[in-house]
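Using the sequences and the hints given, assemble the complete structure.
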Amino acid sequence: MKHLFTTALVGTLALGASFSPTFAQAEEINVVMFGMPFTNGLKELAGDFEAETGIKANIDVIGQDVFENRITLSFTGATGDIDVVHTPVIQVQRWIQAGWLQPMTDLVSADTTSDILAGPLGAYNVSGDQWALPFFAGVGLMSYREDLLEAAGAEVPQTWEDMLEVSAKITNDDQAAIALRAVPGQGFNMFIFPMVMRAYGGTFFADYEGGDLTPAINSPENVEALNVYTKLINEYGPAGAGNFNFAEVNAAAKNGQIAFAVEGTGIISQIVDPAQSKFADVTGIALPPGGPAGRSPAIGVHGMGIPADAPNPEASAKFIEWAVSAETVSKIALAQSFPDFTTASVAENADVVAKYAAIHPDFLKTRVAALDLAIGHYRPLIPEWPALGQAIGESVNAAINGLMTAEEALEQAEADMRDILGL
Amino acid sequence: MTQLASPRRGATYELQRGYRLMMVPAILAVGIFAIVPLIGMFGLAFSDYHLIRGTSWEFGFRNFAKMLSDKRLMNSIYVMASLSFFGVAAQVIIGSAIAVGLQKITGKWRVGRVLFLLPYAVPHVAVALIWLSLFTPTLSPINAFFDLFGITVPAFLTSQSGAIFAIVVADTWTNFPFAMLIIMAALQGISPDLEEAAAIDGATRIKTFIFITLPLLAPALLMVTLFRFIDSLKHFPMIFVMTKGGPGRSTQATNYYAYVQTFGNENVAYGAAIAVMLFLMAALIAYYVAKLNQRVTT
Numbered sequence: 001m002k003h004l005f006t007t008a009l010v011g012t013l014a015l016g017a018s019f020s021p022t023f024a025q026a027e028e029i030n031v032v033m034f035g036m037p038f039t040n041g042l043k044e045l046a047g048d049f050e051a052e053t054g055i056k057a058n059i060d061v062i063g064q065d066v067f068e069n070r071i072t073l074s075f076t077g078a079t080g081d082i083d084v085v086h087t088p089v090i091q092v093q094r095w096i097q098a099g100w101l102q103p104m105t106d107l108v109s110a111d112t113t114s115d116i117l118a119g120p121l122g123a124y125n126v127s128g129d130q131w132a133l134p135f136f137a138g139v140g141l142m143s144y145r146e147d148l149l150e151a152a153g154a155e156v157p158q159t160w161e162d163m164l165e166v167s168a169k170i171t172n173d174d175q176a177a178i179a180l181r182a183v184p185g186q187g188f189n190m191f192i193f194p195m196v197m198r199a200y201g202g203t204f205f206a207d208y209e210g211g212d213l214t215p216a217i218n219s220p221e222n223v224e225a226l227n228v229y230t231k232l233i234n235e236y237g238p239a240g241a242g243n244f245n246f247a248e249v250n251a252a253a254k255n256g257q258i259a260f261a262v263e264g265t266g267i268i269s270q271i272v273d274p275a276q277s278k279f280a281d282v283t284g285i286a287l288p289p290g291g292p293a294g295r296s297p298a299i300g301v302h303g304m305g306i307p308a309d310a311p312n313p314e315a316s317a318k319f320i321e322w323a324v325s326a327e328t329v330s331k332i333a334l335a336q337s338f339p340d341f342t343t344a345s346v347a348e349n350a351d352v353v354a355k356y357a358a359i360h361p362d363f364l365k366t367r368v369a370a371l372d373l374a375i376g377h378y379r380p381l382i383p384e385w386p387a388l389g390q391a392i393g394e395s396v397n398a399a400i401n402g403l404m405t406a407e408e409a410l411e412q413a414e415a416d417m418r419d420i421l422g423l
Numbered sequence: 424m425t426q427l428a429s430p431r432r433g434a435t436y437e438l439q440r441g442y443r444l445m446m447v448p449a450i451l452a453v454g455i456f457a458i459v460p461l462i463g464m465f466g467l468a469f470s471d472y473h474l475i476r477g478t479s480w481e482f483g484f485r486n487f488a489k490m491l492s493d494k495r496l497m498n499s500i501y502v503m504a505s506l507s508f509f510g511v512a513a514q515v516i517i518g519s520a521i522a523v524g525l526q527k528i529t530g531k532w533r534v535g536r537v538l539f540l541l542p543y544a545v546p547h548v549a550v551a552l553i554w555l556s557l558f559t560p561t562l563s564p565i566n567a568f569f570d571l572f573g574i575t576v577p578a579f580l581t582s583q584s585g586a587i588f589a590i591v592v593a594d595t596w597t598n599f600p601f602a603m604l605i606i607m608a609a610l611q612g613i614s615p616d617l618e619e620a621a622a623i624d625g626a627t628r629i630k631t632f633i634f635i636t637l638p639l640l641a642p643a644l645l646m647v648t649l650f651r652f653i654d655s656l657k658h659f660p661m662i663f664v665m666t667k668g669g670p671g672r673s674t675q676a677t678n679y680y681a682y683v684q685t686f687g688n689e690n691v692a693y694g695a696a697i698a699v700m701l702f703l704m705a706a707l708i709a710y711y712v713a714k715l716n717q718r719v720t721t
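Chain order of the listed sequences is B and Z.
Residues in the first sequence are numbered consecutively from 1, following the numbering used here.
Residues in the second sequence are numbered consecutively from 424, following the numbering used here.
Worth flagging that the hints you see were computed from the coordinates, not collected in a lab.
A portion of the hints provided could be inaccurate.
In silico contact screen, one side only, chain B against chain Z (beta carbon under 10 Å); selected entries [what the hints assert, rightly or not]:
1. D65
2. E68
3. T72
4. Q97
5. A179
6. Q186
7. N234
8. A241
9. F244
10. E384
11. G389
12. A399
13. N401
14. M404
15. Q412
Bear in mind that the values here come from a model prediction, so they are computed numbers and not experimental data.
Glycine is no exception: its CB is placed at the ideal position from the N, C-alpha and C atoms.
In structure tokens:
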């Protein structure tokens, strides 16, 4: 017995001795991001940051699906194991309210912030404090097959009503017209569907800007929009389109199975890239369709924030400033398919401009036009949005797949919204 | 006598103390990684912990009361029951059939058994991704093949019954080898003399299987069914990857619904209450399995 304890004691000391040098290691920070062209590019440049600052950055790029669980567990457990966190703009209010982020107002320099597009930067300015710096602003665009439009004798649709007409002309047994995200989720069908909603004058709340957050999802405008969305997917989409997400839309466009895709810039830039799609040379880019209430391209902004429990906020801020610097972003824009940058001076980099002009001459121009039209609160910037978006997305998907009518689906969504908001 | 017995008792005692000491790491591991989180889950289930709305840490039965009138929960139990019933039935039937078939294979072809075990080794997320592409008409080679003959394969993932069928297929594909393994082991325990005796008495192969083999397999079949049933209460990866609970909410099984409440709606307390309900269901079945196991082995 005595021997057993002696062995255990010696073993423990030996293990302790072998681990002890880690305490003397250089400064390290842990960065948790989810997979996007920018974050993948950033991971490859981690060595540059270490060479420049002497701080080792462990950049963990994980799937978007598991990201939410990973960070929720870390933040609620106050583990302090994340120094820099991927911060989607739709989450920022929720995270601030939950006390998961710390402001970086005094940690980042004016030189850095003055080179960032004002809209995306402002989206992270809550109650006078800066909570994250943006690196990505994706907007909704439309890709269209010029050859199929010409064969059908149709023009590029300007409204969703036009889209229904043109789609009817294009669709036949061998060719579908359009694919749209249908899978339920605030980042899935609820990234695309509000473009139709807002075009018809629909809103989520009675008066969001005026502060009246009474749910208004079952309005006649929204019902009309959902009927259009459902019809486009079911009558003019490929088989199985009721379960499509962005990956399936992307694949259908690249395989020539559809004429139109209304998607974020990240997907559209791939659809029109000759290196990625054999139909790229006959594919054009336009603004997403509008309606009686105008055009409202989807907008999604992503940034990087500092968790409340991050032990070394100065090092975290240093990393974020490096990551959004013109030099780093230009490198990523050249190495990856990443035209969604928010660092203004990157647009003056001749190599970057030349690269995206070569993919498609209209790409950067149309992106700027869409950014001009997009409203910041395209998806409401309130803490409850992720839960609301999930519930509405489920109802929208139920209508698409014929489980209920548009009216029934939006009545259900209205009831869910009241439940989530505690009304 | 006393002189002899005393050192022997001492030696046994020493040995047992040694064994007990060796169990300490296992007890600590189970304590830390199973019991502590379980206590936490029970505590949360009775609390009002909400990530956004704020928490006053008032404890009570409100979450359990809410469950009684929650239509989404009722829907999720119905979905879970459908997935479990069809999935477990398919896994046990297919697993048993293949086990019986493989038992007859002898010689070098026995290596082929490994092939049937492969799906069990594939991570569930990978299984779900494989079947998602097979059930997506625009990506599926199955659809492409039938298209050549002008046959349209329906889109399974866009209807309630189709989506449940698709998840059952994916779940069965990866889990039937478990049933197969258990049944194979049970078959090896059946003496060939019994089948030979039946053959001598003039019984056909089918009759021998139904009246001799099957009754002897019954305890193993029951055991494997219950084990698979407990596991099937935890449906998650297939739903998460293949349908996200859709179409609508038609594949939102209870475990997935607990996830939606916890991570989507931020209602951690309510999510924990649903998890407690699932835990109690699983514990009840596990208790029954243990009792049954005891009866079979004695």
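Index of numbered hints that the structure contradicts, given in increasing order
none
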